[in-house]
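A.B. asks: Sequence:
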Amino acid sequence: MSLKSGAHTKYELQYHFVWCPKYRKILLKGNIANYMVKLVYEVAERYEYDILALAVMPDHIHLFASAPPHISPESLVRTIKSITARKLFARFPSIKRTLWGGALWERGYLVMSSGSGTTDEVIRRYIKEQR
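Counting in this note's numbering, the sequence shown runs without a single skipped number right up to 1190 at its last residue.
Think of the hints as simulated: they come from the structure by calculation, not from any bench. Beta carbons are placed, not taken as given, at the ideal position from N, Cα and C, and that holds for glycine. There may be inaccurate statements among the hints.
[Unchecked claim] Straight line, CA to CA, 27 Å or less: simulated BS3-like cross-link-like pairs of lysine-lysine:
| # | residue 1 | residue 2 |
| --- | --- | --- |
| 1 | Lys1097 | Lys1084 |
| 2 | Lys1146 | Lys1097 |
| 3 | Lys1140 | Lys1088 |
| 4 | Lys1187 | Lys1084 |
| 5 | Lys1097 | Lys1155 |
| 6 | Lys1088 | Lys1146 |
[Said to hold, decoys possible] Here are the in silico distance ranges between beta carbons for each label pair:
| # | residue 1 | residue 2 | range |
| --- | --- | --- | --- |
| 7 | His1067 | Arg1145 | 29 to 37 Å |
| 8 | Gly1065 | Lys1155 | 36 to 44 Å |
| 9 | Asp1118 | Ile1142 | 14 to 22 Å |
| 10 | Leu1062 | Val1181 | 14 to 22 Å |
| 11 | Gly1161 | Glu1101 | 18 to 26 Å |
With the hints as constraints, model all of the structure from the sequences given.
C.D. replies: Structural data, given as structure tokens:
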């Protein structure tokens, strides 16, 4: 176990997130998928998240990430979904037409913490096998 340090804290918090485009549309391919990967890493760097594994599938995203305790899992995924949606719509306007002008992402998402019956190695292997 490798603990990270923050202001008056030691922590190891890792989360596995899964979320989908609206209507589970198959949108995340080619240049869109590549740009999505780039955006997730940019957001992570800006907001103190560590990306441990990432797989962008045509109809969903797997993200295994770590963040300091002052950042809730909900805040992490909300920030990534919000920023990536705005930037993907700006770069690829055809996505918005495909979704009838609505939101890019489904409102919901899955989050699991590493250690809740699942080891981080199992999560990494699962995400890697999605490619």
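A.B. asks: Each hint: holds or not?
C.D. replies: Hints, verified against the model:
1. The suggested pairing of Lys1097 with Lys1084 holds, with an alpha-carbon distance near 21 Å, which does not exceed 27 Å.
2. A threshold of 27 Å between alpha carbons decides the hint, and for Lys1146 with Lys1097 the separation of about 11 Å falls inside it, so the pair holds.
3. A threshold of 27 Å between alpha carbons decides the hint, and for Lys1140 with Lys1088 the separation of about 17 Å falls inside it, so the pair holds.
4. Restraint check for Lys1187 and Lys1084: the C-alpha separation of about 22 Å stays at or below 27 Å, so the hint holds.
5. Annotation: proposed proximity of Lys1097 to Lys1155 holds, straight-line Cα distance about 20 Å (limit 27 Å).
6. At roughly 16 Å between alpha-carbon atoms, Lys1088 and Lys1146 fall within 27 Å of each other, so this suggested pair holds.
7. The hint said 29 to 37 Å for the Cβ distance between His1067 and Arg1145, and at roughly 34 Å that hint holds.
8. Taking the beta carbon of each, Gly1065 and Lys1155 are about 38 Å apart, inside 36 to 44 Å as hinted.
9. Here the CB-CB span from Asp1118 to Ile1142 is close to 20 Å, well matched to the stated 14 to 22 Å.
10. Distance hint check for Leu1062 and Val1181: the Cβ-Cβ separation is about 21 Å, which falls inside the suggested range of 14 to 22 Å.
11. Judged by the Cβ atoms, the range 18 to 26 Å given for Gly1161 and Glu1101 holds: they are separated by roughly 24 Å.
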